[in-house]
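> The lines below spell out each chain.
Number of protein chains: 2
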Amino acid sequence: MNDKIHSGNPDQAAVREVLERWLAAARQSDLDGIFSCYADDIVAYDAVLALRFVGAEAYRKHWKACIEMCPGPVLFQMGELKVEASADVAFAFYLLRCGAVDDKGVEQASWMRVTVCLKKRAAGWRVVHEHFSAPFDPQTNKALFDLAP
Amino acid sequence: MNDKIHSGNPDQAAVREVLERWLAAARQSDLDGIFSCYADDIVAYDAVLALRFVGAEAYRKHWKACIEMCPGPVLFQMGELKVEASADVAFAFYLLRCGAVDDKGVEQASWMRVTVCLKKRAAGWRVVHEHFSAPFDPQTNKALFDLAP
Numbered sequence: 001m002n003d004k005i006h007s008g009n010p011d012q013a014a015v016r017e018v019l020e021r022w023l024a025a026a027r028q029s030d031l032d033g034i035f036s037c038y039a040d041d042i043v044a045y046d047a048v049l050a051l052r053f054v055g056a057e058a059y060r061k062h063w064k065a066c067i068e069m070c071p072g073p074v075l076f077q078m079g080e081l082k083v084e085a086s087a088d089v090a091f092a093f094y095l096l097r098c099g100a101v102d103d104k105g106v107e108q109a110s111w112m113r114v115t116v117c118l119k120k121r122a123a124g125w126r127v128v129h130e131h132f133s134a135p136f137d138p139q140t141n142k143a144l145f146d147l148a149p
Numbered sequence: 150m151n152d153k154i155h156s157g158n159p160d161q162a163a164v165r166e167v168l169e170r171w172l173a174a175a176r177q178s179d180l181d182g183i184f185s186c187y188a189d190d191i192v193a194y195d196a197v198l199a200l201r202f203v204g205a206e207a208y209r210k211h212w213k214a215c216i217e218m219c220p221g222p223v224l225f226q227m228g229e230l231k232v233e234a235s236a237d238v239a240f241a242f243y244l245l246r247c248g249a250v251d252d253k254g255v256e257q258a259s260w261m262r263v264t265v266c267l268k269k270r271a272a273g274w275r276v277v278h279e280h281f282s283a284p285f286d287p288q289t290n291k292a293l294f295d296l297a298p
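For the record, the sequence lines run as chains A and B.
Residue numbers for the first sequence follow the working numbering, so the first one is 1 and each next one is one higher.
Residue numbers for the second sequence follow the working numbering, so the first one is 150 and each next one is one higher.
Calculated directly from the structure, the hints in this document are not laboratory data.
Careful, some of the hints might be misleading.
[Said to hold, decoys possible] Calculated pairs, EDC-like style, for lysine to aspartate or glutamate (alpha carbon to alpha carbon, straight line, at most 20 Å):
1. A/K142 to B/D252
2. B/K213 to A/D137
3. A/K82 to B/D195
4. A/K64 to B/D286
5. B/K231 to A/D146
6. B/K231 to A/D102
7. A/K142 to B/D286
[Claimed, not checked] Covered stretches of chain B (in silico footprint by chain A; criterion: 3 or more residues with CB under 8 Å from a CB of chain A, positions within the stretch not fixed):
8. 185-198
9. 236-242
10. 272-283
For every residue, glycine included, the Cβ atom is placed at its ideal position computed from N, Cα and C.
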């Protein structure tokens, strides 16, 4: 229950390894790499278009469409990461600066929020739920892309 | 609460009890009740205005402002709840239909997404992180309030 005890535990290290592997794959738009981190029965709340995606097949179609919408070098930068893990249940949350370099070479990026929930399955730790979002302005209902931590 | 299946796992039952207590308090705009579910060091990603709120004091100010923005009977309805708990780390996620009854008696509501992360502390289970959001349309950047599960 003490955070310091958990910070040294091997489960927390294993969960961080999954997050790092996911981040490296996401930067390369590597769908196989990204989905090697996910459980087949993942339930995803993504930042755009739908309330939720149920199952890896539906979520992969969405990821593919997002990658096709934003081709070129992808920027993903983690901030304020917190990880908690027990023997078979874990979660992590962080701010994610994401964006891309436009055709004039200018970086277009904004901060999003990410929560990731994992379970240890027979094959190892897998993401069973993730939640990406941008907050919105209740006056305009527009997503807020100019916030910084 | 729709999904009220209490499994044999006592930790999962205890986490569901916190969620039910939170829901009852949120429906009553009962700030003390809501915050009895939260850890002092909660990090919250709310649906509106800010990237994140760090600590119960900052988050309570935000909750108070939101309640003042939407006075009157509050609608909160959970759907598709999933809970996972181990001895001291747990998470839950669900869709939340939230809104209010306007001054003509008409219900104005939309579905949001919620992820809740908990730790078992000396005083019992506490929410250490929560994430509320609505997805947005990448063409208009507007939050999507007309989606239904």
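> Does each hint fit the structure? Answer for all of them.
Hints and how they fare:
no. : hint             : result
1   : A/K142 to B/D252 : violated (25 Å)
2   : B/K213 to A/D137 : holds (17 Å)
3   : A/K82 to B/D195  : holds (17 Å)
4   : A/K64 to B/D286  : holds (17 Å)
5   : B/K231 to A/D146 : violated (33 Å)
6   : B/K231 to A/D102 : violated (40 Å)
7   : A/K142 to B/D286 : holds (9 Å)
8   : 185-198          : holds (count 6)
9   : 236-242          : holds (count 6)
10  : 272-283          : holds (count 5)
Hint compliance for this structure: hints 1, 5, 6 are broken, all remaining hints hold.
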